[in-house]
Amino acid sequence: MFEAKIDANVLKECIESIIAVVDEGKLRISAAGFQLRAVDPANVAMVSFELTREAFDDYRFEKESEANSIEMGIDFVKLHDILGFGGREDVALRLDEQAQKLVTKMGSLDYTVSLLDPGSLRKEPKVPELEFPVQVVIENEEFRRTIRAAEKIGDHIVLGVDGEEFYMEVEGEMDKLRLALRKEQLVHLTPGTLHSLYSLDYISAMSKGMSHAANITLNLGKDYPLQVEFELAEGKGKVSYLLAPRIESE
Amino acid sequence: MFEAKIDANVLKECIESIIAVVDEGKLRISAAGFQLRAVDPANVAMVSFELTREAFDDYRFEKESEANSIEMGIDFVKLHDILGFGGREDVALRLDEQAQKLVTKMGSLDYTVSLLDPGSLRKEPKVPELEFPVQVVIENEEFRRTIRAAEKIGDHIVLGVDGEEFYMEVEGEMDKLRLALRKEQLVHLTPGTLHSLYSLDYISAMSKGMSHAANITLNLGKDYPLQVEFELAEGKGKVSYLLAPRIESE
Amino acid sequence: MFEAKIDANVLKECIESIIAVVDEGKLRISAAGFQLRAVDPANVAMVSFELTREAFDDYRFEKESEANSIEMGIDFVKLHDILGFGGREDVALRLDEQAQKLVTKMGSLDYTVSLLDPGSLRKEPKVPELEFPVQVVIENEEFRRTIRAAEKIGDHIVLGVDGEEFYMEVEGEMDKLRLALRKEQLVHLTPGTLHSLYSLDYISAMSKGMSHAANITLNLGKDYPLQVEFELAEGKGKVSYLLAPRIESE
Chain A
0 MFEAKIDANV LKECIESIIA VVDEGKLRIS AAGFQLRAVD PANVAMVSFE
50 LTREAFDDYR FEKESEANSI EMGIDFVKLH DILGFGGRED VALRLDEQAQ
100 KLVTKMGSLD YTVSLLDPGS LRKEPKVPEL EFPVQVVIEN EEFRRTIRAA
150 EKIGDHIVLG VDGEEFYMEV EGEMDKLRLA LRKEQLVHLT PGTLHSLYSL
200 DYISAMSKGM SHAANITLNL GKDYPLQVEF ELAEGKGKVS YLLAPRIESE
Chain B
0 MFEAKIDANV LKECIESIIA VVDEGKLRIS AAGFQLRAVD PANVAMVSFE
50 LTREAFDDYR FEKESEANSI EMGIDFVKLH DILGFGGRED VALRLDEQAQ
100 KLVTKMGSLD YTVSLLDPGS LRKEPKVPEL EFPVQVVIEN EEFRRTIRAA
150 EKIGDHIVLG VDGEEFYMEV EGEMDKLRLA LRKEQLVHLT PGTLHSLYSL
200 DYISAMSKGM SHAANITLNL GKDYPLQVEF ELAEGKGKVS YLLAPRIESE
Chain C
0 MFEAKIDANV LKECIESIIA VVDEGKLRIS AAGFQLRAVD PANVAMVSFE
50 LTREAFDDYR FEKESEANSI EMGIDFVKLH DILGFGGRED VALRLDEQAQ
100 KLVTKMGSLD YTVSLLDPGS LRKEPKVPEL EFPVQVVIEN EEFRRTIRAA
150 EKIGDHIVLG VDGEEFYMEV EGEMDKLRLA LRKEQLVHLT PGTLHSLYSL
200 DYISAMSKGM SHAANITLNL GKDYPLQVEF ELAEGKGKVS YLLAPRIESE
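Chains as they are written, first to last, in numbering that gives the first Met the number 0: chain A, 0 to 249; chain B, 0 to 249; chain C, 0 to 249.
Keep in mind that the hints were calculated from the coordinates and are not lab data.
Just to be clear, a hint being listed does not mean it is correct.
In this list, chains with the same sequence are indistinguishable; a pair is considered to hold if it fits within one copy or across any two.
No farther apart than 27 Å at their CA atoms in a straight line, the calculated lysine-lysine pairs in the BS3-like style are these [stated by the list, open to error]:
no. : residue 1 : residue 2
1   : 77        : 221
2   : 237       : 151
3   : 207       : 151
4   : 182       : 104
5   : 104       : 175
6   : 25        : 175
Using the sequences plus the hints, can you model the full thing?
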């Protein structure tokens, strides 16, 4: 059995970080908290999400079988919509394993959702083994503002490091946008010389999913996947996005 | 002749309560104030509206014939649009019976609208004689928030009373939303056991029309019309909606 | 060479006044500041824009040839979009004449735009010699509010003076909107008796371009073009719109 309470805004923030990549997925509940890993339908982006039980009030999880965790197939977009109407209250969650339903209680309002059949959902992906030569920690607002401007210019964006400078660059037919931040303007930078090209659509979606983070960590390589990491719920949650690079056609 | 002044926001609020059900209708003016009764084109919903002369400044009404009242055919949607641009001023209304025009004066801005031919408008409906076994008085914000969430789930909503509990319930294919309020969480409740099903589209529209009310009164029966009553203009106005039930297909 | 700094919001305000009439145009830079004159594609409206160098910080302009000014072909809509993402900072502008690019620097964000070929842009129009018998200075908010209401009623608007009263009037099929302001309600009025009819679409667009002005000056004649004048950037900028009249079909 599973039962817990959580601040409605914290739960919304968590779901926003997930729906930046997938609409629905398998949320794994254990004695330690929530965990999810999912890839988008086009196999281009992955989200790994963790929320420890410390983010909840009255977290109760009891094994009813040998398993150490329970898998719930959830339509996150729907759940997010409903949470938006609950006001600023706490949300009580309760899993009805027999009926395969999740009951969400906000004040006097009960929202009961049938769980999706986990068999109908994509398999939980393996996290590929990656080594990132470069790590950049940047103020989230600077990153997000650049992404919003970039959307006006083109479809792809370059993220790279040139010596002690991190840069983001997007080119349109007539124009070019470039953010350049020196080491001292960043929270952290591994110097290096490398860059990769990414689809702006995916990064835009991800940047919406990280709207509550203060700083974000970018792990980069040369023509290599991008990994974005940030914290949720005052450090009690952790999200990691992985995005495949695009081939540069130059 | 008819002439009066009224706070622009109060008049807007009144018109909003009317356009929740009909776009145009016959407004009846008498020495007592304004009055309107109209049904929607599909004959599913009715609005009864009253605003006493105490809501106005300088209310002047003089009979020019035997009649005790004057009927004005009005395009309320248009009038509402225009009032939105007048700022937070008073509105002066003047009926030009000869020319069949209503002159609306907001500051230096005059809006003159030709009255609709009352003959071209639907006949004023009779209010059916109804007896409601149950009355519930609920905080409007709780009601409206539930309706907004319900719109995400389904097309129909159940309103009912189960003992000393009032509930609203909507079911989708996969999920269910239920608001349940006990007697002590309500302003008033007649205990009972009954419920009716209504079209959510109509209730949504009505809930927009009552956005300024603090509390609303729901009069309910078993598979019976719903009557919603609330006050406008600090008690100087009164609105009553009537909504036909839907047949449950179970 | 040209280089300067300016408050991002002042530059946005300037561009808004231009894109009310044209999407792109030739901006002329000289030792005195910026200057532009352009007509809309339908040849119905003209904008004349001037911003003195006092509106800038560190304004540097040096002739590289005989010419006293440099012409830059600019996509103002695009530039406006990008400025919207820069935050509330200063913008540094730098012209790269060799490469025919304008570099816009907002904090750590560089936006580089290729200049449009001036040959591909419409020729700078001559300002017709006009004499306006009547001048009205009106509070901008009163004017703009009337225009917004007028859009709900019709497609054309009459601007006129009747003795010591200025009026704006729009007629729909069923209704009529009229703003009338006496001399003492205006900042200035030349008494007279005349009016002209204008396309509301154009005046609506212009009214968006003047959203930051406190007062606007209307120069009027009988069946004559309308000239609207207002100031930008605390008096360091000046805009003048000219709009051809419509023939009244009465």
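These are the hints, each one checked on the structure:
In this assembly of identical chains, residue 77 and residue 221 lie within 27 Å of each other by CA distance neither inside one copy nor across copies; the values are 38 Å within and 31 Å between. Taking the shortest alpha-carbon separations for residue 237 and residue 151, neither the intra-copy value of 30 Å nor the inter-copy value of 29 Å comes in at or below 27 Å. In this assembly of identical chains, the alpha carbons of residue 207 and residue 151 lie at most 27 Å apart whether taken from the same copy (16 Å) or from different copies (22 Å). Proximity of residue 182 and residue 104 under a CA criterion of 27 Å is satisfied inter-copy only: 19 Å between copies versus 47 Å inside one chain copy.
Proximity of residue 104 and residue 175 under a CA criterion of 27 Å is satisfied inter-copy only: 12 Å between copies versus 49 Å inside one chain copy. Only between protomers do residue 25 and residue 175 lie at most 27 Å apart by alpha-carbon distance; the minimum there is 20 Å, versus 40 Å within a single protomer.
Violated hints, in rising order: 1, 2; the structure is consistent with all others.
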